[in-house]
Amino acid sequence: MPAPSAVREAAALVSASAPQQRIIVLGELHGTHEAPALAGELTGLRWRKAHGAPDEGVTLALEIHATEQARIDAFLDSSGEPAARDALISGSYWALKPERSDGRRSVALLALIESMRERRSAGEDLRVLAFDPGSGGGDANVRNPRMAEALREAFARDPDRRFVVLVGNYHARRAPPTRVGGLLPGQSPPVPTMAHLADVPMLRVNVTATRGEFWGCMGGACQPWPLGGRETIPGPRFQRTPQDSTGWDAQLVLPEYSVARPVEVGRQR
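For the sequence shown, my numbering begins at 1114 and goes up steadily by one.
Bear in mind the hints are in silico, worked out from the structure with no lab data behind them. Honestly, I wouldn't trust all of these hints.
[Stated by the list, open to error] Pairwise CB distance ranges, derived in the manner of DEER restraints: (1) E1266 - E1169: 28 to 34 Å; (2) P1290 - Q1336: 36 to 42 Å; (3) R1343 - G1193: 38 to 44 Å; (4) P1117 - E1377: 22 to 28 Å.
We put the CB at the ideal spot given by N, CA and C, even for glycine.
Could you put the whole structure together from the sequences, leaning on the hints where they help?
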């Protein structure tokens, strides 16, 4: 489980680096406890001004299929009773078996949505947006611009709201990488989601950790995967990286990632 102090410190570092930035994008490795906890903490910080008074409302945008929006909205407006929780995960999106789940359907994501519900009930002007319309049977070159368009419409629809976007770290890049494995001769890397929004002012943060595990799908296997590093750091490190022309605007390194397993429908109580 994430260390609350490290997550709070990391959120404060990101927020302090861009106090006037309307849109902050957190590029994560799916399937950790820390990245969703960071998104939740940052959303809370963005809602409050330094003196503690409420700021404009904040929307937390999640890489969840858009068909889940109605169920999310209903849960956010509920009292969080078991029946409401069951209804939230009753759609086909959450029904994937762990061996097919890429980490986006994690218990940590579910806990993040629950925390948003609790804070809304306490009076915070928070929303959750499921912005992934899917690929419609295509590939990343279809899905990425569709996700970008969904975000663009949301930004335009609510010009006075702030946004925290939690998305896979490839999607958060400002441009495709110059090198990527697994491509056939003549193929080019997919254009990342945020590269389709290059004209929209935002801060793109790559969120990594020095050690630990995440849940992901690689080589046909969906399971916990270790991070390669073994460095121990006492707390999070944040650095702007304007020279990183194909990557992100900033790097946030956490002390550790802990794996968050996929939700298994029917085992949540």
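Quick rundown of the hints versus the structure:
{"no.": "1", "hint": "E1266 - E1169: 28 to 34 Å", "result": "violated, 18 Å"}
{"no.": "2", "hint": "P1290 - Q1336: 36 to 42 Å", "result": "violated, 25 Å"}
{"no.": "3", "hint": "R1343 - G1193: 38 to 44 Å", "result": "holds, 40 Å"}
{"no.": "4", "hint": "P1117 - E1377: 22 to 28 Å", "result": "holds, 25 Å"}
Checked against the numbered hints above, the structure violates hints 1, 2; every other hint is satisfied.
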